[in-house]
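Each chain is listed here by its residues.
Protein chains: 2
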Amino acid sequence: MTEIPYKIYLEENEMPRAWYNLRADMVNKPAPLLDPATGKPVTLEQLSAIFCSELAAQELNNTDAYIEIPQEVFEFYRMYRPSPLVRAYCLEEKLGTPAHIYYKFEGNNTSGSHKLNSAIAQAYAAKKQGLKGVTTETGAGQWGTALAMACSYLKLDCRVYMVKVSYEQKPFRREVMRTYGASVTPSPSETTEVGRKILAEHPGTGGSLGCAISEAVEAAVTSDGYRYVLGSVLNQVLLHQSIIGLETQAALQKYDIVPDIIIGCAGGGSNLGGLISPFMRDKIKGKADYRIIAVEPASCPSLTRGRYAYDFCDTGKVTPLAKMYTLGCDFIPFASHAGGLRYHGMSSILSQLYDDGLMEAVSVKQTDVFAAAVEFARVEGLLPAPESSHAIKIAIDEALKCKETGEAKNIVFGLTGTGYFDMYAYESFNNGTMTDYIPTDEELEAGFAALPKI
Amino acid sequence: MTEIPYKIYLEENEMPRAWYNLRADMVNKPAPLLDPATGKPVTLEQLSAIFCSELAAQELNNTDAYIEIPQEVFEFYRMYRPSPLVRAYCLEEKLGTPAHIYYKFEGNNTSGSHKLNSAIAQAYAAKKQGLKGVTTETGAGQWGTALAMACSYLKLDCRVYMVKVSYEQKPFRREVMRTYGASVTPSPSETTEVGRKILAEHPGTGGSLGCAISEAVEAAVTSDGYRYVLGSVLNQVLLHQSIIGLETQAALQKYDIVPDIIIGCAGGGSNLGGLISPFMRDKIKGKADYRIIAVEPASCPSLTRGRYAYDFCDTGKVTPLAKMYTLGCDFIPFASHAGGLRYHGMSSILSQLYDDGLMEAVSVKQTDVFAAAVEFARVEGLLPAPESSHAIKIAIDEALKCKETGEAKNIVFGLTGTGYFDMYAYESFNNGTMTDYIPTDEELEAGFAALPKI
Numbered sequence: 331m332t333e334i335p336y337k338i339y340l341e342e343n344e345m346p347r348a349w350y351n352l353r354a355d356m357v358n359k360p361a362p363l364l365d366p367a368t369g370k371p372v373t374l375e376q377l378s379a380i381f382c383s384e385l386a387a388q389e390l391n392n393t394d395a396y397i398e399i400p401q402e403v404f405e406f407y408r409m410y411r412p413s414p415l416v417r418a419y420c421l422e423e424k425l426g427t428p429a430h431i432y433y434k435f436e437g438n439n440t441s442g443s444h445k446l447n448s449a450i451a452q453a454y455a456a457k458k459q460g461l462k463g464v465t466t467e468t469g470a471g472q473w474g475t476a477l478a479m480a481c482s483y484l485k486l487d488c489r490v491y492m493v494k495v496s497y498e499q500k501p502f503r504r505e506v507m508r509t510y511g512a513s514v515t516p517s518p519s520e521t522t523e524v525g526r527k528i529l530a531e532h533p534g535t536g537g538s539l540g541c542a543i544s545e546a547v548e549a550a551v552t553s554d555g556y557r558y559v560l561g562s563v564l565n566q567v568l569l570h571q572s573i574i575g576l577e578t579q580a581a582l583q584k585y586d587i588v589p590d591i592i593i594g595c596a597g598g599g600s601n602l603g604g605l606i607s608p609f610m611r612d613k614i615k616g617k618a619d620y621r622i623i624a625v626e627p628a629s630c631p632s633l634t635r636g637r638y639a640y641d642f643c644d645t646g647k648v649t650p651l652a653k654m655y656t657l658g659c660d661f662i663p664f665a666s667h668a669g670g671l672r673y674h675g676m677s678s679i680l681s682q683l684y685d686d687g688l689m690e691a692v693s694v695k696q697t698d699v700f701a702a703a704v705e706f707a708r709v710e711g712l713l714p715a716p717e718s719s720h721a722i723k724i725a726i727d728e729a730l731k732c733k734e735t736g737e738a739k740n741i742v743f744g745l746t747g748t749g750y751f752d753m754y755a756y757e758s759f760n761n762g763t764m765t766d767y768i769p770t771d772e773e774l775e776a777g778f779a780a781l782p783k784i
Numbered sequence: 331m332t333e334i335p336y337k338i339y340l341e342e343n344e345m346p347r348a349w350y351n352l353r354a355d356m357v358n359k360p361a362p363l364l365d366p367a368t369g370k371p372v373t374l375e376q377l378s379a380i381f382c383s384e385l386a387a388q389e390l391n392n393t394d395a396y397i398e399i400p401q402e403v404f405e406f407y408r409m410y411r412p413s414p415l416v417r418a419y420c421l422e423e424k425l426g427t428p429a430h431i432y433y434k435f436e437g438n439n440t441s442g443s444h445k446l447n448s449a450i451a452q453a454y455a456a457k458k459q460g461l462k463g464v465t466t467e468t469g470a471g472q473w474g475t476a477l478a479m480a481c482s483y484l485k486l487d488c489r490v491y492m493v494k495v496s497y498e499q500k501p502f503r504r505e506v507m508r509t510y511g512a513s514v515t516p517s518p519s520e521t522t523e524v525g526r527k528i529l530a531e532h533p534g535t536g537g538s539l540g541c542a543i544s545e546a547v548e549a550a551v552t553s554d555g556y557r558y559v560l561g562s563v564l565n566q567v568l569l570h571q572s573i574i575g576l577e578t579q580a581a582l583q584k585y586d587i588v589p590d591i592i593i594g595c596a597g598g599g600s601n602l603g604g605l606i607s608p609f610m611r612d613k614i615k616g617k618a619d620y621r622i623i624a625v626e627p628a629s630c631p632s633l634t635r636g637r638y639a640y641d642f643c644d645t646g647k648v649t650p651l652a653k654m655y656t657l658g659c660d661f662i663p664f665a666s667h668a669g670g671l672r673y674h675g676m677s678s679i680l681s682q683l684y685d686d687g688l689m690e691a692v693s694v695k696q697t698d699v700f701a702a703a704v705e706f707a708r709v710e711g712l713l714p715a716p717e718s719s720h721a722i723k724i725a726i727d728e729a730l731k732c733k734e735t736g737e738a739k740n741i742v743f744g745l746t747g748t749g750y751f752d753m754y755a756y757e758s759f760n761n762g763t764m765t766d767y768i769p770t771d772e773e774l775e776a777g778f779a780a781l782p783k784i
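Protein chains in written order, with the numbering used here: chain A, 331 to 784; chain B, 331 to 784.
Just to be clear, a hint being listed does not mean it is correct.
For chains that are exact copies, the list does not tell them apart, and a pair is met inside one copy or across any two.
[Unchecked claim] Here are the computed lysine-lysine pairs in the DSSO-like style, where the Cα-Cα straight-line distance is at most 30 Å:
#  : residue 1 : residue 2
1  : K494      : K739
2  : K653      : K359
3  : K359      : K613
4  : K695      : K783
5  : K424      : K485
6  : K458      : K424
7  : K731      : K485
8  : K485      : K739
9  : K485      : K370
10 : K424      : K359
11 : K617      : K458
Derived from the structure by calculation, the hints contain no laboratory data. Note that the coordinates shown come from a computational prediction; the quantities given were computed from them, not determined experimentally.
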């Protein structure tokens, strides 16, 4: 049997040339976006006023299984893809497990995460449409960084509204974006009507993602030649992120490896949705029976404790309604260190798959997550992002179960990015001052009570 | 002709299995280390009191051209090596140059730089000798991070003395080291005699690299089962870093690429010495005639404006004397943002090669370096470390000369690491507040006047 290398790389000619659109093969399609004013599905025309035309079309496309990756996007992918599928030999040895652990590492680019896969696709759509630029919001900053980088490459203007508290507490993230030429505005700001209104009502507020979304959308629709872009949750984003899963499957197939368990962290769902898409296709078609596990923070448990209902995608309630597992758009997640997982809802695609019983979900506490992150870092030589470490925690748990049973299962997980900009979090863990939070049933009920009545 | 991919990766079976020891092929050997008390060459026994035995032997080995990489070190290398040789297609296009630009990227590991190549080799030597642990100093923190990571992997104790001002100003670097299980002590400290002495004489001092070296050496020689390790300058370090050059040469040969110019940044010389070693071998043997360029900061110009003389390796004057291009061990380099290049001297091997006319050297201002770094980052998708960006600056300059002459030269440079922990520097550049400093002749003369009389 061929020895499996530490890192399985695809050759350039083995790289996927089309994204895979899981919706085409789903038996129960994800529910459509609804116009909150009419309760009717949003039209392509409505979406195209906010999003780039091509992306709006992708958002509504439930039929084409494969959508060709534009040549320009493929050229960009070639700069940092294919990403390696790493065999975690050292972690296996440390755990003393017979399991084989693999992780798809998406942190090898300056954005530091998988977000770049969609950022370049969205920026390219804007460029092709002849737009001047795009607007977006960012919280922790991974998406903003990725988008700034993609826009810089394509010479597009990039206007990022960054939650003010993050703008001040994460100056490094802000400077990476500025280095790539983006303008970064702390939100709420005086540059938009909604921003001025919020500032008048809440002087000195540190802002929120909901507010930043509202500002970014307003900035897009009131500026000539701009559209709004978003880094997760949307169908189009999961489509672009399918590159992760396609490469993972191709790499496994090179060595005849059949995964038993596939694990990913889940916030809005962009990483998990991308990673599992081709495996879920095989599962839906009855060709394979993988266990697929979404891992979410115990402090923001949209799948494990949320409701499957129509809700706004943002706290400011300016977006269409999406049917998803949600904690309610008024739910304010605990200020955990996994900023990328602090989202009240979950991608409609993943929500439907979960509701159909095709996927499991578990939630984990952040102190347990960081313990797993440190254990992983010490042997594997990678400092993982807090978000990614949710998947690490469950991968380790599953590997330890294999140790008990003696099973040599193949465990595959997504390692979405690096933790270089999360050292305050590691410091807090190292100092023993990190805390956990699990919302009470009463808190969750309050969130559900505020769900829109559809 | 085969198209050259964006990234040239070696297969695992193409990885070098031995380090290359350039000293064996140098016509004029580097001058030996001297005992400052006697003026005589230091013996293996003397060196072994401070360094691990195997490393002391490597330090003095001027005869063996190839030294096998221990299997355990090779296994560790496999976790993050081979590193890619990247064709900078996007930068070439941006510059409109006919030149072909390649960079060897050493930042794909948590230490974020090439330092890990020697850290694991040194930690392994300590482990093999049955030691409990090692001590070292760190300024900017790249070396300390790499050593902490290597020691964690081998379950060795790692005690890092970190210059106090860096300890306070770079909490993230400190936390990465702690995450890998190292103890990090701000220097000067109360834990050593020399530290207490300095604190008594200079209450409230922010420390210096010289002081941290003195503390780390004292901690090693006064603790049972410990030795001191160092991340640059030494012959053994250049030996370990030859892995960079060997991989680069193998990758170029796969596509029949003959470099015209090879460029590296130079502080103590570990990266440059490693990168150029096999190319310098071919040059010495008359098989090729590459231009080899060392790039140093204008604020710390040891090669371009220094003296070739015996000097202490540290400011505290506790080390043996090394013959090198030096600004004098009392020279305090300007607080530039390229902490890894703020060293008063240069590796004895590189100093001899430079003195023999086998290598060029240029110095560059930091604002020009950061302009090049930003230009590079925006098209190549990598945020380079300030140190690495010195090489980028000259690579761009050479590529622009090719644009004028129409020559399609092959330019190869070393990209030693990422700039994730240098965002204050980028912020200062982005804000237009970054300054330059070029020492006056008088300042340099003062440094030379303090050189030891040998």
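The hints, checked one at a time:
1. K494 to K739: neither (45 Å within a copy, 48 Å between copies)
2. K653 to K359: Within one copy, since 11 Å is at most 30 Å while 73 Å is not.
3. K359 to K613: within (15 Å within a copy, 65 Å between copies)
4. K695 to K783: neither (32 Å within a copy, 63 Å between copies)
5. K424 to K485: between (46 Å within a copy, 11 Å between copies)
6. K458 to K424: Cα proximity of K458 and K424: across copies only (20 Å, versus 49 Å in one copy).
7. K731 to K485: Between. Shortest inter-copy distance 25 Å satisfies the 30 Å Cα cut-off; intra-copy 50 Å does not.
8. K485 to K739: between (46 Å within a copy, 28 Å between copies)
9. K485 to K370: The answer is neither: 37 Å in one copy and 62 Å across copies each exceed 30 Å.
10. K424 to K359: neither (42 Å within a copy, 44 Å between copies)
11. K617 to K458: neither (38 Å within a copy, 50 Å between copies)
Hints 1, 4, 9, 10, 11, counting from the list given before, are not met by this structure.
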